[in-house]
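Visitor: Here is what each chain is made of, one letter per residue.
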Amino acid sequence: MTVHASDLRAWSSILTVAALAIAGECLIAAAMRRLGDLDDIRARSGMKGAIRAVLTSPLFLTGAICMALNFFALLFTLSAVDLSLAGPASASLTYIGNAAAAKLFLHENVDRRRWLAALCVCVGVYLISK
Amino acid sequence: MKHTLTPQRYLILLAVTLSAPLGDALLTRGMRQIGTVDLHHLGLLWQALFNPYIDAGILLLIGFFASYMTALSWADLTFLMPATAFGYVVLALLSRFWLHEPLSGRRWAGILLIVCAVGFVANGPSLTEHPELNRMDSGAAR
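Respectively, the protein sequence lines represent chains P and R.
Sequential numbering from 3 applies to the first sequence in the working numbering.
Sequential numbering from 15 applies to the second sequence in the working numbering.
No lab work stands behind these hints, which were simulated from the structure alone.
Don't take each hint at face value.
[Claimed, not checked] Only some residues are given here: those of chain R computed to face chain P with a beta carbon under 10 Å:
#1 Ala39
#2 Leu41
#3 Thr42
#4 Arg46
#5 Ile48
#6 Tyr82
#7 Ala85
#8 Asp90
#9 Ala106
#10 Trp122
#11 Ile125
#12 Leu126
#13 Leu127
#14 Phe134
[Said to hold, decoys possible] Now the stretches of chain P that chain R is said to cover, found in silico as 3 or more residues with beta-carbon under 8 Å:
#15 23 to 31
#16 34 to 46
#17 73 to 87
Backbone N, C-alpha and C define an ideal beta-carbon position, used for all residues, glycine too.
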């Protein structure tokens, strides 16, 4: 019974880490998509203009907050779960979750080739991190 | 084939791939010189800021973030994912050939899989076409 409770706590904190990373990356990607090509913005308004455009985007700021929360959630998780489980599990879940979220929310064309790539990355990261 | 990459964009992808693992490796080396930081020795964190390896690592990680944001402005998230994952391969190779750590067969298999993933997406388009967004952009330009 105790083992189940600690397992549940470990996996829920790993899932929280992955969910925050997925939300952060998708929000930042959506912000950059909405802003358009940064090279063009830099050509028009200079480096300061490009930095201002990024830092004043609400989507970017929300994404950055999610990434900051992801960092603290990872620290919390590492205090309770072994790195050898938390590292590969959260990274693999993040890659698969990113592919699904990119298709659902960013409407990216995630074809069979990209799904296969996400799966290879997921298993590859797991094997390297073990 | 509108969204093929220019040589300059390949350079940005290279920066995305290399800057994060190199930055992490430099931070690790710097923190090994500084020693273990605990609640009673928080001053070591301030000292760490004056370590050249830590400074170089921080600069590289800022460079990673800037190049990643730039790449996201002209490429799909799912196109960039294998490029960022390739950082794990660079880290593994650095640990094998620079730090002389042993690399197991399992890790070589992981490296092979991530290289395959990069190959899968590298030949495809980098950005999904959104006709409705393009119409809005051309409308705003007028």
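Visitor: All hints are to be evaluated individually against the structure, with a verdict given for each.
Guide: Here is how each hint holds up against the structure:
The criterion of a C-beta within 10 Å of any C-beta in chain P is not met by R:Ala39, whose closest approach is roughly 15 Å, and the hint is violated. Checking R:Leu41 against chain P by beta carbon gives a least distance of about 14 Å; that is not within 10 Å, so the hint is violated. Here the hint on R:Thr42 is broken, as its CB sits about 14 Å from the closest CB of chain P, past 10 Å. A cut of 10 Å between beta carbons decides the hint on R:Arg46: the least distance to chain P is about 17 Å, and the hint is violated.
Of the supplied interface hints, the one on R:Ile48 is violated, with its beta-carbon coming no nearer than about 19 Å to a beta-carbon of chain P, more than 10 Å. Of the supplied interface hints, the one on R:Tyr82 holds, with its beta-carbon coming within about 9 Å of a beta-carbon of chain P, less than 10 Å. With a least beta-carbon distance of about 9 Å to chain P, the hint placing R:Ala85 at the interface is held under the 10 Å criterion. The criterion of a C-beta within 10 Å of any C-beta in chain P is met by R:Asp90, whose closest approach is roughly 5 Å, and the hint holds.
Among the interface hints, the one on R:Ala106 holds; its C-beta lies about 6 Å from the nearest C-beta in chain P, closer than the 10 Å criterion. The beta carbon of R:Trp122 comes within 9 Å of a beta carbon in chain P, closer than 10 Å, and the hint placing it at the interface holds. With its C-beta approaching chain P no nearer than about 7 Å, R:Ile125 sits inside the 10 Å limit, and its interface hint holds. Hint on R:Leu126 holds. Least Cβ distance to chain P is approximately 8 Å, under the 10 Å limit.
Given the 10 Å rule on beta carbons, the hint for R:Leu127 holds: about 3 Å separates it from the nearest Cβ of chain P. With 10 Å as the threshold, the beta carbon of R:Phe134 comes within range of chain P, its nearest partner Cβ sitting at about 4 Å, so the hint holds. With 4 residues having a beta carbon nearer than 8 Å to a beta carbon of chain R, the segment 23 to 31 of chain P meets the requirement of three or more and the stated coverage holds. Only when three residues or more bring their CB closer than 8 Å to a CB of chain R does the claim for the segment 34 to 46 of chain P stand; here the count is 7, and the claim holds.
Restraint check on the segment 73 to 87 of chain P versus chain R: 0 residues with Cβ-Cβ distances below 8 Å, three needed, restraint violated.
Checked against the numbered hints given earlier, this structure breaks hints 1, 2, 3, 4, 5, 17; the rest are met.
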